[in-house]
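One line per chain: the protein sequences are A and B, in this order. Here my numbering = 1-based position in the first sequence + 70. Here my numbering = 1-based position in the second sequence + 6.
One should not assume that every hint holds.
Here are the simulated lysine-lysine pairs, DSSO-like style, with alpha carbons at most 27 Å apart [stated by the list, open to error]: (1) B/Lys102 / A/Lys217; (2) B/Lys57 / A/Lys261; (3) B/Lys32 / A/Lys217; (4) A/Lys216 / B/Lys32; (5) A/Lys216 / B/Lys102.
No lab work stands behind these hints: they were computed from the structure.
Here are the chains, one letter per residue:
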Amino acid sequence: MSLTQVNWMALMPEIIVLGFAIIVLLGELFMSASSKRSLGIITLIGLAAALFSLTKLWGVETTEFNGMFSVDFTANTLKAILLITTALVVLGTLKVKATLGEGEFFSLILFSVLGTMFMASATDLIMLFIALELTVLPAYILTASKKNARGAEVALKYFLLGMIASVILLYGMTLLFGLTGATNFAAIADKLGGGPIEPTLIVAMLMIMVGLGFKVAAVPFHFWAPDVYEGAPVPVASYLAVGPKAGGFAAIIHLFPIALVVITPAWAGVFAILAVVSMSLGNLVAFAQTHIRRLLGYSAIAHTGYLLVGLAVADNYGYSSMIFYFFVYSLAALGAFLVILATTEWGIGEDITDFAGLSRRAPMLAVAMAVFLFSLVGLPGFAGFMGKLFLFSAAVKSDLIWLAVIGVINSAISFGYYVTVIRQMYLVSPSTNEVVSVSKPLYFSIMLILAAVIFLGIYPTTFLSIINL
Amino acid sequence: MIPLSYYLTLSAILFGIGLIGVLLRKNAIAILFSVEIMLNSANLNLVAFSKYITPSQASGQMFALFVMAIAAAEVAVGLAIILMIYRNMQSIDLDKLNIFKW
Numbered sequence: 071m072s073l074t075q076v077n078w079m080a081l082m083p084e085i086i087v088l089g090f091a092i093i094v095l096l097g098e099l100f101m102s103a104s105s106k107r108s109l110g111i112i113t114l115i116g117l118a119a120a121l122f123s124l125t126k127l128w129g130v131e132t133t134e135f136n137g138m139f140s141v142d143f144t145a146n147t148l149k150a151i152l153l154i155t156t157a158l159v160v161l162g163t164l165k166v167k168a169t170l171g172e173g174e175f176f177s178l179i180l181f182s183v184l185g186t187m188f189m190a191s192a193t194d195l196i197m198l199f200i201a202l203e204l205t206v207l208p209a210y211i212l213t214a215s216k217k218n219a220r221g222a223e224v225a226l227k228y229f230l231l232g233m234i235a236s237v238i239l240l241y242g243m244t245l246l247f248g249l250t251g252a253t254n255f256a257a258i259a260d261k262l263g264g265g266p267i268e269p270t271l272i273v274a275m276l277m278i279m280v281g282l283g284f285k286v287a288a289v290p291f292h293f294w295a296p297d298v299y300e301g302a303p304v305p306v307a308s309y310l311a312v313g314p315k316a317g318g319f320a321a322i323i324h325l326f327p328i329a330l331v332v333i334t335p336a337w338a339g340v341f342a343i344l345a346v347v348s349m350s351l352g353n354l355v356a357f358a359q360t361h362i363r364r365l366l367g368y369s370a371i372a373h374t375g376y377l378l379v380g381l382a383v384a385d386n387y388g389y390s391s392m393i394f395y396f397f398v399y400s401l402a403a404l405g406a407f408l409v410i411l412a413t414t415e416w417g418i419g420e421d422i423t424d425f426a427g428l429s430r431r432a433p434m435l436a437v438a439m440a441v442f443l444f445s446l447v448g449l450p451g452f453a454g455f456m457g458k459l460f461l462f463s464a465a466v467k468s469d470l471i472w473l474a475v476i477g478v479i480n481s482a483i484s485f486g487y488y489v490t491v492i493r494q495m496y497l498v499s500p501s502t503n504e505v506v507s508v509s510k511p512l513y514f515s516i517m518l519i520l521a522a523v524i525f526l527g528i529y530p531t532t533f534l535s536i537i538n539l
Numbered sequence: 007m008i009p010l011s012y013y014l015t016l017s018a019i020l021f022g023i024g025l026i027g028v029l030l031r032k033n034a035i036a037i038l039f040s041v042e043i044m045l046n047s048a049n050l051n052l053v054a055f056s057k058y059i060t061p062s063q064a065s066g067q068m069f070a071l072f073v074m075a076i077a078a079a080e081v082a083v084g085l086a087i088i089l090m091i092y093r094n095m096q097s098i099d100l101d102k103l104n105i106f107k108w
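Isolated chain B, as found in the complex:
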């Protein structure tokens, strides 16, 4: 069987990729995608821990299911806001959002 540490390493790498994407990307959709990658790395953690540490319970897997549902809700709100940005400014480049100082 594949050791737990492999899953955790993969999840940490995914989290890192997502975090770098969030910090470096300028496109709002790309940032949204990067956050999704981070969410899925957390899900991978949950499922792996559930399988290896508490094989008799399903609480980790349940947690992952809830996270998926919440991620879907977040994307719905996020895309609506991004659409509104596009209608107002004809661009979703974060560098052009400068009415307020960051």
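If we strip away everything but chain A, and leave its shape as in the complex, we get:
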């Protein structure tokens, strides 16, 4: 195959992101300190351009590079979600003092986004592994960008645990390669079909699950998540809450249903167990937290549990509702992180009690935070409710009623800890009455997310028709 046979248009979003990542990195090197402020805007333009070129690919189904890179509906949707949420993070951090140089910060984010986009499109073991590493390596560096003892400790833990997970994943992949002699997902499925199920296949499946379970922070591979969410700089934590996770779920949606279709009951069963354990443990441990970002970290683990329900269902309806819920969840989680960014920029601490009386000091921030938390609980009228409705109805349709029941009970339990934050904001009087002011881009970004969460909650059909649910 020669390079001219590749349809480069199918890779246009990735090419644009790569180009802008390099431009921004060079900008950091050559631009004067005052003009570096524009690097964030250049990053935003790059993300918007990539999103625009992605809309040109909407509805296209094709594979490139001998079937290594697939442009399909799932990949496109996840890429769009990723680009939108990353653009919101970048918009929110435009005026925030970075812990790295602006160019380094934004180009590392762009490189990580590029890795995640390739992960969403990977239909080959080699492509998947490289894309995964491209996603997490910039994430390690971003986590380490605050050069104090806390930042270093969190970065080292994230790095070591991440690397161990990658290696276990890789070993599982080599076993899969040994069983089939193929690295392409479709070819693997071909070779596995019809033959007897060997124990090695189950071992390979479990090892791959450990590796990817780590990336999406499913219990029992969740140890890094609360630490990283708490210890990383806030802008980085907001990106980590959505970006790499989208990649993990994209990889799972491609790898398991395509390559391992012969043992669907096995992996669906394991995902069901992981889902129950993740949501229960995440929600219960969240009650004991006093640090707001650590609380969101455990809430993220619980939400990984909800999302895994879609995989336990293991049909297209389940995957579509999982993608919808992922979008809804990432909006709400990102919004909460950006509100925290706004308050920490003003010098407010990050304990839940530090949010006391926020409704009087920053009424709009408090309203936004409350809406995001309500959406995370899944109260009717907010986006999270519609997401959970589809996810759990998918479970009921596939006779996994027990899973839906556990999910609903967990959502009810989770109300308990989210409401402590809301109580602090609205019912406790503040220690000072000083008004919190927020930089304009950050405020705008939060308001955009707020509008999206309310809009998707009241009128979800627009988005649902896009993703064919």
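We have chain A already, so just place chain B on it with the hints.
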């Protein structure tokens, strides 16, 4: 010719050594080394499978080459983080990293 199972056994033993090292060692560099051993056991798997199962293709060997490049990149990031830990705490003993509960 040496049977395939010999290579696979060696690779499994290497993977086990690496995993034990990761779990028991307290020194960050030693853990990094243990992970490298595990990565190389996966590479050995890939090359052996490529030779015995798909002798006419080179996809397994290509995979191993890519893994080596990625391993180098990971070590670069990892050593930088470990250096930063040392500058902050004058030690790379994991037991001393206890600001956050594990």
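Now for the hints, and whether the structure bears them out:
For the proposed pair B/Lys102 and A/Lys217, the alpha carbon gap of about 17 Å is at most 27 Å, so the pair holds. Simply put, B/Lys57 and A/Lys261 have alpha-carbon atoms about 18 Å apart, close enough for the 27 Å limit, and the pair holds. Between B/Lys32 and A/Lys217 the alpha-carbon distance is near 22 Å, which keeps this suggested pair within the 27 Å criterion. Proximity of A/Lys216 to B/Lys32 is assessed by CA-CA distance (about 24 Å); at most 27 Å being required, the pair is judged to hold.
Our distance criterion of 27 Å between C-alpha atoms is met by A/Lys216 and B/Lys102, whose separation comes to about 19 Å.
In terms of the numbered hints stated before, the structure departs from none.
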